[in-house]
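If you're matching them up, the sequences are chains A and B in order.
Quick note: the first sequence uses my numbering, first residue 1, plus one each step.
Quick note: the second sequence uses my numbering, first residue 1, plus one each step.
No lab work stands behind these hints: they were computed from the structure.
None of the values given here were measured: they were computed from a predicted structure.
Among the clues, some could well be false.
[What the hints assert, rightly or not] A short, non-exhaustive set of chain B residues, derived as facing chain A with CB atoms under 10 Å:
(1) N71
(2) I74
(3) G75
(4) T76
(5) T78
[As the list claims (entries may be wrong)] Derived lysine-lysine pairs resembling BS3-like cross-links, with alpha carbons at most 27 Å apart:
(6) B:K46 - A:K442
(7) A:K191 - A:K349
(8) B:K109 - A:K372
(9) A:K58 - A:K372
(10) A:K197 - A:K89
(11) A:K349 - B:K46
(12) A:K280 - A:K349
A virtual CB, placed ideally from N, CA and C, is assigned to each residue, including glycine.
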Amino acid sequence: MNRKSKPSKPNTLRRFALIAASIIFAFSSSSCSKDIPSTEVLPPVTPANADANAGSWKMIVLSGPTQVPVTVPAPTNDPGYQSELATIKTAQASLTDTQKTAITYWSSGGVLRWNEIMRELVARSDLPPSPNPDGSYPVPNPANPFANPQYPFSNPPYAARAYSNVAVAQFEALKVAWYYKFLYNRPSPSKVDTSIKSLMPTTNVPSYPSEDAVEAGVNAALLTLLFPTSVDEINAKAAEQQQAALLSGRASPSDIAAGVALGNAVAAIIANRAASDGMKAAGGTPAIWQALADGATARGEIPWISQDGPPRPPMLPLFGQVKAWMLTPTDIVNERATPPPSTSSTQMKTETAEVLNTVNNLTRDQLATVYKWADGVSTPTPSGHWDAIAAPYISAASYSEVRSARVYALLNMALHDAGVACWDTKYFYFNPRPSQLDPEIKTQTGLPNFPSYVSGHSDFSAAAADVLSYLFPDGATNFSALKQEAALSRLYGGIHYRSDIEVGIAQGQRIGEYTVRFAKSDGAN
Amino acid sequence: MIPPITASRHNPHKQTLASICFALLVLLFRPLHAQTIDDGIMLADKTLCAGALYTHDSWDHYWEGNLERVNGNIGTITTQSITMAANYGVTSWFDAIVNVPYIWTNASKGVLHGQAGFQDLTLAAKFKAISIPVKQFGALRGIAVLSGTLPMTNYTPDLQPLSLGANSKTISGRTTLNFLGKRGLYVNGTAAYTFRGNVTLDRPYYFTNNQLYLSNEVAMPNQFNFGTSVGYRKNNLEIVGDYSQQQTRGGGDIRPQDTPFVSNRTNFSKAGATFKIPVPKLRNIQYWLLYSNTFQGRNVGQANTITTGLMYTLSFEKRAKP
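Using the sequences and the hints, build the whole thing.
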């Protein structure tokens with residue numbers, strides 16, 4: 001046996017200890033908590049203002065609050081109502097931990113929570129269909145949503161429309177609810193009977209119909225239409241919100257029943273509008289796709305082609321004809337961006353060269369901006385990103401539910417309208433992406449499967465920043481910076497020319513102003 | 001304690017030492033694994049084994065969850081790396097190991113930009129726990145390894161499968177049982193458990209495992225690896241067949257038609273072979289060639305991986321006493 005001479009034992013032990021200790025120290029920071037939040041930590045909201053006149057705020061789709069009748073509630077001394085109170089007392093005596101958690105969760109405001117839930121639904125459904133073996137692509141089928149590919153593919157236009165329909169329905173329904181609340185003035189159970197504990201922040205808002213139930217009714221009805229595969233989760237959340245309102249002493253069973261009925265009724269009105277808003281035809285047909293390319297060729301331009309492998313039909317080419325909220329079809333055409341630089345122009349060559357140079361010389365900070373704003377597959381999309389940006393402002397403002405709903409309605413109407421105007425422009429010009437004009441350009445994020453001009457991120461972000469700056473003037477600097485960052489991220493990512501971005505921002509701002517003009521005159525100021 | 005493993009007429013010790021080095025297998029978007037970390041062999045004290053290894057890893061078929069498919073948006077993903085590797089025998093029972101890989105990634109189809117840069121520094125401390133002579137046949141060794149990886153640059157983990165890696169700090173414990181026969185029979189069994197630190201993304205939310213997380217921080221599931229090798233190893237020559245598996249203890253599947261996500265459940269089985277051949281007339285230099293094929297997996301590519309390079313062994317003790 002051959003042996004190496006051994007160093008003295010204390011020496012080796014010291015070395016061993018030193019190295020082991022330094023390795024453990026170096027990696028100790030990797031052993032931190034693995035608990036990652038899946039809901040926003042929001043404080044309970046105690047509205048600073050009851051917004052007693054919200055029943056008279058201007059409607060968007062409804063003719064007025066009385067379009068949806070809500071019957072007179074029983075008086076608080078009615079035996080039926082008294083037995084409802086007894087139910088609450090019994091339930092409060094034995095609250096489970098799950099119920100307490102639900103009360104805390106919903107006390108941050110149902111409007112904020114439902115938007116958070118919807119962002120998750122959008123991200124879950126934001127998956128483009130996989131190609132068939134023959135290179136064609138299946139189309140998600142709303143009549144069979146669980147089949148492969150699942151319905152829907154909640155891409156940015158689908159999501160913008162979805163967020164706006166839910167937000168508008170919720171806002172309209174809450175204005176109706178406020179009208180009846182202050183018409184009937186039924187107090188909350190914890191105010192009628194002081195032996196009922198108030199486990200959510202108390203408000204001066206009357207209880208009938210319950211705003212929590214209105215939100216649950218609207219959201220359950222519309223979200224199950226928009227995201228049918230998540231039906232169980234949606235209904236569970238709606239039931240939980242109603243139960244939290246009851247258990248917290250905020251609403252009685254009859255307050256809740258009236259709220260759910262109201263929410264469902266308004267959701268049906270909005271769903272009816274959505275059924276005929278043009279979305280069903282927005283995917284176009286092979287003949288339409290070809291005509292778009294032929295049109296660009298006839299104008300002497302290089303038409304956009306899909307760079308997906310295999311080539312994929314363009315995303316919702318007729319979304320530009322989907323009904324907007326604040327713009328008429330004529331407005332959409334009037335707001336169409338002026339033509340992009342010709343694909344054969346010197347300017348286009350210069351801009352293409354800028355993209356190549358940018359994408360090949362990114363700083364780490366620029367790359368971080370690309371990822372921050374990627375908003376691609378499996379994300380809440382740009383609209384959801386801006387909703388998330390708005391959330392802390394809404395929470396910090398301690399708004400009533402109806403005023404919180406107003407923020408999301410205004411914001412998401414502007415986002416949807418910007419999407420419509422942007423898609424109209426994109427498909428009117430059918431302009432190629434930088435990586436099509438110069439195959440040397442490799443992108444730092446997924447390449448969206450639709451024409452380049454104008455940038456959707458720029459359009460969405462400018463409209464959103466415009467509306468949010470009106471609603472939260474203190475945040476205007478931040479919103480403007482985020483808008484610029486979102487827009488430029490598309491140049492850094494190698495998927496847009498500078499002119500796509502600049503013209504997109506200008507268009508988004510103009511579209512946002514339509515909503516701001518409505519907001520200035522809706523009676524909520 | 002190092003039993004006499006090989007004998008050569010020029011320099012028994014050096015020949016022995018030269019054959020004790022490490023190989024690298026590039027696992028799909030995972031840190032590199034140096035084979036010395038996995039094997040049951042120790043360097044003699046005051047001996048350095050160092051060199052450069054080139055690895056070429058490519059796949060076009062991959063498992064999206066359990067679905068085997070190709071993807072026209074990426075074509076073939078090729079990952080190349082050059083790893084500077086060093087293993088130093090501090091004592092006869094303690095080796096210190098360092099790996100520094102530089103990586104390039106590329107997709108043959110689609111428009112996605114390849115990435116390049118330094119990936120994760122690997123540091124390892126390898127301890128010989130037991131060494132039992134088995135009569136006249138050879139010796140059985142038990143080895144314990146504590147290793148960790150540390151990202152050397154702030155590369156993004158969010159452009160899978162083109163990211164350089166997961167950008168996660170990891171710490172790993174490993175035990176290895178090895179039998180080396182006097183006539184060259186080499187049998188090795190090794191198992192490791194790796195704790196992986198949370199990863200930070202550049203975005204405020206992400207969707208994985210059927211859930212939207214409202215954070216830029218991603219919890220990384222831990223991993224269990226085990227492998228076995230059987231072959232011949234004598235006179236500075238090594239010819240060994242390898243089989244290994246990885247099981248990730250959590251994480252979601254790649255979503256349909258989506259890109260992989262950093263915390264995906266990446267499982268695989270791979271098989272391959274290792275050749276370490278002394279370079280004629282160049283003392284102390286050994287040529288390495290390693291091949292492996294991922295033949296079963298989940299959320300990984302069906303990778304073919306080739307590693308090749310030269311490793312040089314230097315004994316400081318010899319120099320001090322010429």
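Comparing the hints with the structure gives:
no. : hint            : in the structure
1   : N71             : holds, 7 Å
2   : I74             : holds, 8 Å
3   : G75             : holds, 7 Å
4   : T76             : violated, 12 Å
5   : T78             : violated, 14 Å
6   : B:K46 - A:K442  : violated, 48 Å
7   : A:K191 - A:K349 : violated, 70 Å
8   : B:K109 - A:K372 : holds, 25 Å
9   : A:K58 - A:K372  : violated, 36 Å
10  : A:K197 - A:K89  : holds, 8 Å
11  : A:K349 - B:K46  : violated, 61 Å
12  : A:K280 - A:K349 : violated, 38 Å
The structure fails to meet hints 4, 5, 6, 7, 9, 11 and 12 from the earlier list, while all remaining hints are met.
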